[in-house]
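Q: Sequence:
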Amino acid sequence: MDLILERFNVGGFRLINNLAGHNVWLDWFMIFAADKMGYLLIVSVLILFWKKDYFKRIVFVSLGSAIVARFMFVSMFRYLIYSPRPFLVLERVNVLMNHQFESSFPSGHASFYFALAMGVYLSNKNPAPSFSTDRQYDRGWSWCGARAGWIYFILAGLMGFARIFVSVHWPLDILAGAVLGVTTAVTVSYLFNWLKQKMSRRTFMG
12 MDLILERFNV GGFRLINNLA GHNVWLDWFM IFAADKMGYL LIVSVLILFW KKDYFKRIVF
72 VSLGSAIVAR FMFVSMFRYL IYSPRPFLVL ERVNVLMNHQ FESSFPSGHA SFYFALAMGV
132 YLSNKNPAPS FSTDRQYDRG WSWCGARAGW IYFILAGLMG FARIFVSVHW PLDILAGAVL
192 GVTTAVTVSY LFNWLKQKMS RRTFMG
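Residue numbers for the sequence shown, in the working numbering: 12 to 217.
Honestly, the hints are just simulated from the structure, not real lab data.
Predicted model only: the values in this text are computed from it and were never measured.
Treat the hints with caution; some may be incorrect.
[Claimed, not checked] Pairwise CB distance ranges, derived in the manner of DEER restraints:
1) K209 / G32: 52 to 58 Å
2) N109 / S86: 45 to 51 Å
3) N204 / H33: 46 to 52 Å
4) L59 / R25: 34 to 40 Å
5) V54 / Y201: 24 to 30 Å
[As the list claims (entries may be wrong)] Listed next, the in silico SDA-like pairs over lysine to any residue satisfying Cα-Cα at most 20 Å (straight line):
6) K207 / K47
7) K67 / F172
8) K47 / L74
9) K209 / K47
10) K47 / R68
Glycine included, C-beta positions come from ideal geometry on N, C-alpha and C.
Using the sequences and the accompanying hints, generate a full structural model.
A: Right under this line is the structure:
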């Protein structure tokens, strides 16, 4: 099993990283996607969804789960497991970006932005506040929430691909980070809804 995973990791990395160094515009775009695009995703969440009070749930779940995934769980895994980055252990690597020598497993970027994407997507599960009677709003936000979530998933996947392209991550780093981010977002969303229902029940009983 270890040999199969190693072959997948190295083979997948070579397949993607070998695309680098042939086109200056593609290299530039991948460097941007790997390093800077994430900031635009965070800002877009705040701009698109922080307009009314009932959108705060979306921001809390998406950004909250992203922060928990990246700064709690990724840090814990990296403390327990050290995985050197590809450019440190392989020869003939197209290195397009400088990076610290810390452990690469799992990918912090993948965990953060896949959690962000899942948080936005899950907003579609409970689109309108309980006091809302605007059915047009319900339908509109349901449409917007689902499609926005898929767009964020695509951009998070592009970012993960770019992190391999520029040589700072293995494919398994990205896959593990994506699973960690999605799982964290689902858990945070469930806990948020559970606490909200519990508090609403107490208010009703009181």
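Q: Each hint: holds or not?
A: Hints, verified against the model:
1. Look at K209 against G32: about 55 Å separates their beta carbons, and that is inside 52 to 58 Å.
2. Between N109 and S86 the beta carbon distance is about 21 Å. The supplied range of 45 to 51 Å is therefore violated.
3. In this structure, N204 and H33 meet the distance hint of 46 to 52 Å, their C-beta atoms being roughly 48 Å apart.
4. Hint check: L59 to R25, Cβ distance near 38 Å, so the stated range 34 to 40 Å holds.
5. Taking the beta carbon of each, V54 and Y201 are about 27 Å apart, inside 24 to 30 Å as hinted.
6. As the CA atoms of K207 and K47 are separated by approximately 35 Å, the hinted pair breaks the 20 Å bound.
7. Proximity of K67 to F172 is assessed by CA-CA distance (about 30 Å); at most 20 Å being required, the pair is judged violated.
8. At most 20 Å may separate the alpha-carbon atoms for a hinted pair to count; K47 and L74 meet this at roughly 17 Å.
9. Taken as a hint, the K209 and K47 pair is broken in the structure, with Cα atoms around 40 Å apart against an allowance of 20 Å.
10. Under the criterion of a C-alpha separation no larger than 20 Å, the hint pairing K47 with R68 is inconsistent with the structure, at around 26 Å.
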